[in-house]
Every structure is written in structure tokens, then in C-alpha cells.
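Single-letter residue listing:
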Amino acid sequence: MGDAVAALDLFQGTLDLLVLKALSWEPAHGYAVATWIRERSDEAFLVEEGALYPALHRLERRGAIESEWGLSENNRRAKYYRLTARGRTLLRAEASHWDRYVGAVGRILRAAER
Amino acid sequence: MTSWLRRLAWLLGRRRFEADLGEELRIHEEMAAEQARHEGLCPEAAGFAARRRVGNRAQLAEAARDVWRPAALGDLSQDVRYALRGLRRQPGHAAAAIITLTLGIGATTALFSVLDAVLLRPLPYPDPDRLVQVWEHHRPRDRRENVVSPLNYLVWHDRARSFEALAIHRSVGISLAGDLPEQLTGRAVSSTFFAVLRARPALGRLFNPADTAVGAPRALLLSHGLWKRRFGGDSGIVGSTLELREETARIVGVMPEDFRPVGDESYWEPWPMTSELRTRRGRGALVVGRLRDGVSAEAADRELKAIATGLELEYPDFNTGWTVDVVPLQHQVTARAKPVLLLLAGAIGCVLLIACANVANLKLGQVLARRGEIAVRAALGASRGRILRQMAVEGLVLAVAGGALGVLAAVVGVKALVRSELRQIPRLAEVGVDIRILGFALLVIGAAGVVFGLAPALGLREGELRQPLGRRGGETGGAPGGRRLRGALVSFQVALSLMLLAGAGLTVRSLGNLLSQDPGFDARNLLTMDLSLSGEAYAEERRIAFSQELVSRIAALPGVAEVGLVNALPLHGQPAGTRIRVLSRPAPPPGQEPVGDISVADTGYFRAMRTPLLEGRGFTASDRSSAPNVVVVNSAFARQLLDGTSPIGQRIQVNLWEPDSIVEIVGVVGDMRRVGLEVAARPAVFYPYLQQPARFLSLVIRTESAPEELAPTVRALVSGLDRQLPILNLETMQSYVAASTDDRRYPMLLLSLLAGLAVVLSVVGLYGVLAYSVGQRSREIGLRRALGATGGTIARLVTGEGFRFVGIGLAVGLVATLLCTRFLGRLLYGLSPTDAVTLALAAGGLLVMAGFATWIPTRRALRVDPAVTLREDG
Amino acid sequence: MPAPRDPLRAELLPGTLDLLILKTLSVQPMHGYGIAQHIGRLSAEALRVEEGSLYPALQRLRLKGWVKAEWKLSPTRRRARYYALTPAGRRRLALEVSAFDRLVTAVRRVVRPA
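Residue numbers (our numbering), protein chains in the order written: chain G, 134 to 247; chain C, 6 to 879; chain X, 1486 to 1599.
With the rest of the complex left out, here is chain G (with noise of 0.2 Å):
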């Protein structure tokens, strides 16, 4: 149906990009990624497990990331993520996409009322 699809279409391709952008800072696991998010976004966005965990497959599989298994702060075995070399490149294009593509829509909002 229609708004809830559109909401997540939107919402996994710029999620795609706030995970590659998670990570272009220093490997990290599924929670930190989302705790990275929420905070640097001041609380605006908040993840859910039921959407990152798939953008973070997603992007494993198109080969932007690659994870490994690892212990966590409090000793716990988690999976970590790590960009690689054509998840820099992905992150790059995708940024300036999206920046294009909101340039396109901002340009018609703010198109004069006659």
C-alpha cells in the first residue's frame, strides 16, 4: 500500500547511506552502528533492529562491508562491520546522489507561487 512502502523506500536508501557513513569511522556492531546514528542525528533517527540488520546484509552483500566476529565492550561476542575499499567509493557516490536528489526536489519546492 502505498505510504508505507514509499516510507521505507526513502528510508532504505538514505539508511544505506547512514550506515556507510556509520562506519566510515571505525568498524562497529549492529547496536553501535544504530546508537551512532541516534545520536549524531540528536535523537531524529532512531534505527530499528528490524531495519538495519537487513541494510547492513544488504550492503554486505553488494560488498561494501564485510563483517567479522569479535568481543564486544562488555566481552560479549558480537559480528562487527567494517567498510571496504568499494564501500568508500559506494559512500561517496551515494552522498552526492542523494545531495542531487534533494538539491532536484528543494529546487521545485521552492519554486515561486504564482
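No lab work stands behind these hints, which were simulated from the structure alone. Values in this document were obtained by computation on a predicted structure and should not be read as measured data. Among the hints, erroneous ones may be present.
[Unchecked claim] Per label pair, the in silico range of CB-to-CB distance: (1) G:194 / X:1535: 45 to 53 Å; (2) X:1557 / C:54: 22 to 30 Å; (3) X:1560 / G:168: 50 to 58 Å; (4) G:184 / C:42: 43 to 51 Å; (5) C:81 / X:1583: 29 to 37 Å; (6) C:89 / X:1535: 56 to 64 Å; (7) C:24 / X:1583: 48 to 56 Å; (8) G:184 / X:1535: 24 to 32 Å; (9) X:1583 / C:17: 20 to 28 Å; (10) X:1560 / C:17: 40 to 48 Å; (11) C:24 / G:168: 50 to 58 Å.
Cβ coordinates follow ideal geometry from the N, Cα and C atoms, glycine included.
Assemble the complex: chain G is given as a structure, and chains C and X must be docked to it using the hints.
For chains C and X alone, coordinates are given in the frame of chain G:
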């Protein structure tokens, strides 16, 4: 959601829609082709390009149609999964909500099962609305629901045309012999009895005329309960013989499990309607009838009343002043229990509302805290309708979880209730949780779920969905709208709790008032036992000898202070009642003769009961059968029959055991409350046991210490004297006093439980709201502190809010209480429904509990560090 | 997004599509074809509207009551279905624009360099 209306409009105008869309796409294609030609393509290529741009028309049309069609079910499962995830993230909240709902829904379902079986469902006989009960009614004394005389019954049976069948039945008892002697209560029934009820046996057959022929063994029909309990449900029981104390009986059949017309009967035997019955005048039986088709109960009532008028003239000495009432049986069975059950239903309804309010408050708090998340979803395109639907689904998931557990608890609870065999609940055997009850439970669950799923949404208007994006949930005051709504919910809870608490308090005090009523005897340290000296083995001489032996043996036991015998113990036995004639007074007109209770007591009875002797003397050993006939009366007798003059030496005539027997009054004892603690004593006449040795007695033993301790010794003593004598009802007098208040005690306990539950839930609700409020206002508090506010000011801020909610709740609750406590009706005793002391206590109690609820959030508010909160800003 | 991305032209996602349609109609009432042309032109062809998304989107906006449709004669004397904003639609447009702005700000905050 007016989009639903538009969807409807679309459904109605489908054809126009399809036509319009088709035309529109065609035009679009044309314009695209024109553009392409304008850009230089040849017409054919242009058309091709245009068609390609529009793409698959069918698919497009389908997509357009999909917009209008109501949402698919797939969304629902998505909503449910999302809701479950949300619950798992906040297990504390979820647990609290589910427990609250389990209690509320479980209690409601259990009560509804009882209500349904007792009040709503028709009686378990074919065409039950045609069944009636017939009572005699003494007009001058306004004594209704009086038992019936067989003579009158036979006349009605002969003359009345309104009935398809009429039957009479009375209470009887037998003693089972063997290793476990047992006394059973049953009913002797006329041959029409089973025809009236249209009952069929589960095993064997009903009675036939051969069963009452001379020389035939006693025929018995067993109840299902007795059959299971004593005979192990043996299906070969039909036709077998049963050893009684005096004779052998034959079992002709077993009745079905739900056949319990009176309630406590274990068996049925035939009662042949002999002509000899027409000479017996006593009233002691019950009559049921089945109305003829097309005849109403009112019409039958009129007919029998007319016949009764005739009977007054035919038998003036017996029937003057007596008339007849015909009452539908359904009404008869349920009338007494109805008000209390409805009251309890109201109380449980209140608790359920409080529980739902708590869950709504919980969810509202959650939702307000999650506004950030919702704002993003809204920004990304989820419509308000979608979000609302999702919240409704969350509410429903909670309701289903709590409801499922609640129904389970209800089933268990109802089973336990049925097994308890509480006498106060008529038709208890029919109570069960069935499909209809489950349907009702589902309805409650669904309604509750939607209500508190959506209630929080009321606090979220369209604009609010947008705001927090960009600022960390940051408001300086906390959404006042949300807090106000939550506060209103708390006030609502407090009001309901006050009502329940006041109601419970009134019933508790009423019971206390009742128990402190002087019954006319000292019920402490009294052990009682029933004896049935029936059969040829206990002829008159033997009865006297046996009871004297028994009394002296028991008196000799260590720990025994007094021993006595009576044939009808207060609050336990039923004394006979009859007319009394005071010889020194002029004979009153027929129908206006005074009536009193007639009992038999031995020399030690009044001393054992500690009932005072007010005048004259008690019975002595010289009041034997050869001596002049004497009686003792109570002071109600002196007041009502003799206008207070001394009864000593007066002679009265009593028509009970011997016609026209005249006796002399030798003593006056204090009044004893027989029927119930709240019912004043009737005039009573006591015969000495030695002159009227009754067969059915109660032994009364005043002990020096706990009466229960002496029970085994007494039992052994009685068995030692006669092994075949069944030991009946070896109980303390206190237990009878308590049992007589049972029909007040159970509602009181239940109301108190519900009130307690309501208070706990409300207090939890209040705490939740205040804790949230403090959390939201932490920045404001920090600011105030920084600007110099004292701890006292901050404390007053929080407690002021708390007590404002409570105050409104108490005010509303007070009004509601004043309006509603009158429905306690019969449960009240000795105080008015608007008793100020009770109300004050209830309100005070709530205030104290509210104080506890505000204490913790206040402490938290006082601990807010201005430095921390200010730093978080900006 | 399965297909390889054309760096020059982006498919308009349904969420933004609604927004742009509303904005377009706030200038003046238009028919479907005109709306598509307008968006393409103003975004300098960076955004492309698929007919397969446009018409369902217009239905959606009608269902919500933000847009109303009417058969009229175009300047070239051709009969076409014109769409116009309703007052509710105008309010919705304002909300969507501010929401979009906030969303963009939030994403930029996450994706900003350093």
C-alpha cells in the same frame, strides 16, 4: 477518517472511475505523442515512444485501483509483528499491562459465567417459562411464601383448570445403615412431580403405581451426586436394594446431574396422595406447576386466588385469612440472589475500567516518549491513519495476551467455585465457562484493546506528530495536553476506587453491627450435634431413657460445663409454628389468631445456652408425662400475646401434637434470635422434653475450653451408646452464627477484595503519572532551582499536582458514592448508605495511599541537579 | 534499488512524488501530463516521473482529500482531467515541506564530513 467515505463513494462509482482513467491515459498518450512529433519524430515513432512511456496500461490501472481499495491484510501482520517487537523492548510495561488485564478480564469473565447461569439462562427443564411455584399467603400477617397444606393442594388439583400438571413435594430423611451410617435429606414427591418438570431419569425409571402398593419395598430415585459419592457411579445400581436403619429400600433409578430442583436433596421417594391427607391440616410442603399452553402466570394466579376464597368459606377454622400466590419459577430461584450479583457485576465493572485506565496511561506514557520515532515515520510518509491503526493493533495485542490469561484464570476460578458448592449461589451446578461466555470475553477484550490502544492517540493531534524532529524530545514543560489527559484518567480511577472502598467499608461495618447484635444466647464455647432417634428402636420410653443417659454421660466428661437438648437449634433448625390461644383472653376472630414457634427443650437447655430466666422457673425432672402439662415461653410471647402482663400461671391452648391440648405457663426466658441475627424473635413456647420426647434433637454442650477439642470424645461416646446412630452436624454454635451471615459475608469479602485491587491499581496509576511528569519537567525544575527555589517549593510543585488529581477524583467519587451506595440494599445493617464516618475513613485511606504514591516522585524531583539539566539544554 | 543508478536522472520515489505533485499544483491546476512535464523541467531533468507512479499517486492524493479532479477544456481546446489543490491539500503541502526540510537537515547532520 473521511477517506473511508471517499472509498465508499469510489466503490459506488466504479464504472465511471474506470472510464475516466482510461480516457485520461489515452489523452496523456496523445499529448506525449504530440510532444514527440514536435521534437522531430515521425508520427509513427512518436506514437510508439508515447505508448512506451505510458507503459503497461493494465498494470497502471491496477495500481490506481489498489489505491482506492481497502487495505490488504498483509499490513495487519506487519502491524502485529511491530507491536510484538515494541512489547519485547519494554517488558516491564508489557508485564504490568498484561497482569492488570488478566485480573480485570479474568474477574469479569468469571463473574459473567455466574451471572449467566444464575440469572440469564433459563432453568434446565423443557419449556421452563411455563413453570411456576405456588405459595400460600396469610394476608392479615402479610406472611408471604408460606409453605402449603396438602389439603389445599388437593383441592387446587381438583378444581384448577390453568395447569397442565401440578405437584407437591416435602422434605424427608432416611438413615443409611452399614459401616458408615449416614443421614440423607430427600424429597417425597407426588406422582405428578416429574411430569411437571418433564424430567427423565439418567438411569432406570421413574416411579410407578406399583411402588406405592401395600407391601412394596420403599422405592428410591437417587441424585447424581449421591450416586457418584456413595455408590461410585456404579451403573448396575438400578434394581439393587439399600439397607436403611429400619427397612430395606429398592433403587429404581438415578436422576441426571443437572436435576436439582430444590438443591440439597440426595434422593426422591413417592408421596402417595391418599384421602387421609385431606384430614391433615398442617402446612409444610412446596408446590410446583406447569401452566397450560396459552395460560399466563397472572391468569393462573387469579384462578387460584378465587379458589382460595372458596376454601376460606369451606374451612374457616383453617383457611381464614389465607390466599395463594403463583410465582414464575425462574423468578423464584433467582430473585434473592439477583441484587447482590448485579452489585458485584457493577463493582467488577469498575475494577475493569480502572485496569483499562491504567493500561491506557501506560501506553500514553510510552507513546509520548516515543514521539521522536513516530515523528520520523510520519515525516517519511506514514499517514496518521496508519499510525493510529498500528497503535490500535498494539492495544489489541496487549488485550489478547492479557485476555487469554484472564480467560484461563476465569475457567480455573469458576471450576473451583462450582466445586465449593456455596449455598448462597442458586443453580451453582449449572455454572460453567462455555462458548457464549468466551464470546463475551472476546468482546470485552476487543473493546478494551481498541479503547486503550487509541486513547493515547487522542493526545496526539496531527501537528504534534511533526514537532520533536530536530530537538531531543525537548519541551520545557512537557506536553501539557498529555499530562492533563493522564491526570484525568487518574482522577477517574480515584473516583471509582472511592466508591468501591466506601461500599466495602459499609458492608464490613454492617457485618460488624450484625455480629455484635445480641442473639439472646452465648454462642461461645458451644458444641452442638444433631440426633435422629427415628424408627421403632426408639419408641417414646427408649428415647427418654437414651437421651437422659446421653446427657448425664456427657455432663460427666471433663471440660464440660453444661449440657442441654432442644428440637430446633437457633440459626440451624426450623421450629414448628402454629396458632396459640390464650385462654384468659377472648378468642380473636378467625384468621387473626396469634402464631408462635413451638419447640421442645430439656432441663439443661436454657442454662447451657446462657439464656436468662426472667420469671418463674425452668423445667425440672418432675415435669414428667404423668405430671401436669407445663410450658415455658419467651418474653416476646409476654409482650405480644399478653401485653406485658405476667404469663406465669396463664393457660394456653396449642394445636400441634395433640388437638386442643391445654398447658400452663410456668416460666419466661429471654428472646433468642432463631431465623437470623437481624430478625427479631417471634413468640415462642417450649415444651419439656420429658413430656414431649421429640425424635429429632440437637444436643448442646457448653465447654470450658475450645469446643472442637471435645468433638472426638463426644463422637466416641455417642457411637458407644448406639453404633448405628448417625452422628450429624457435629459443629460449634459459632459456625452456625457465622453461616447465618454467609450471604452478607461473601459479598463483603468480594467487595473488599475488589476495593483493595482498585486502590492498588489507582495508586500505581498515580505514581506512574507523577513519575513521568517529574521526568518531563526535570529541566523546568532545574531551572527553578537555579533561580533560587527552595526544596519546599519544588516538593509542593509535585505533590500539588498529585493531590490536585486525587482531589478532583475524591470530589467526583464522593458524589458518585452518595448516589450509588443505596444499591447495597440488603447488605446494609445498622447504618445509612451515606454514613459519614465510613465515607470519611474511605477518603482518608485513599489520601494516605496517594501520599505514598507522591512521595517517591517528590524525592526524585528534589534530587534534580540544576547543573546537569541546564547543561543538557542546547 | 536493483537497477544500476543513472547518475544523471533519478527515479522519483513515491514519498517525494506526493510532495512534488502538491507543490506543482500549488502553482496552478494541471492535468497529469502537464504535472510530469513541469517536474521534469524544473529539476532540469534530474528527476523523472514515471507514468506508472504518477497516476496512482494522483489517486492517492484524491483519496486523502488533498487534491480534486475535474474535466475541463485545455487551452488547445482538448478535453482533459485537471487536478487542483484543496484547502486541506494546501495545509498538507506546508507540513510535508517542513518535514522534508527537517529530514534533510537531520541526514546532513549525520553525513557531514568530520
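A quick look at each hint next to the structure:
The supplied range of 45 to 53 Å is broken by residue 194 (chain G) and residue 1535 (chain X), whose beta-carbon atoms lie about 26 Å from each other. Take residue 1557 (chain X) and residue 54 (chain C): their Cβ atoms lie about 27 Å apart, and the range 22 to 30 Å holds. The given range of 50 to 58 Å is respected by residue 1560 (chain X) and residue 168 (chain G), whose C-beta atoms sit roughly 57 Å from each other. The hinted range of 43 to 51 Å is satisfied by residue 184 (chain G) and residue 42 (chain C), whose Cβ atoms lie roughly 47 Å apart.
At roughly 31 Å, the beta carbons of residue 81 (chain C) and residue 1583 (chain X) sit within the given window of 29 to 37 Å. Between residue 89 (chain C) and residue 1535 (chain X) the CB atoms are about 36 Å apart, so this pair departs from the stated range of 56 to 64 Å. Between residue 24 (chain C) and residue 1583 (chain X) the Cβ separation comes to about 39 Å, which falls outside the hinted range of 48 to 56 Å. Distance hint for residue 184 (chain G) and residue 1535 (chain X): a CB-CB separation of about 25 Å, consistent with the stated range 24 to 32 Å.
For residue 1583 (chain X) paired with residue 17 (chain C), a C-beta distance near 36 Å fails the hint of 20 to 28 Å. Hint check: residue 1560 (chain X) to residue 17 (chain C), Cβ distance near 34 Å, so the stated range 40 to 48 Å is violated. Range check, residue 24 (chain C) to residue 168 (chain G): Cβ separation about 55 Å, and the 50 to 58 Å hint holds.
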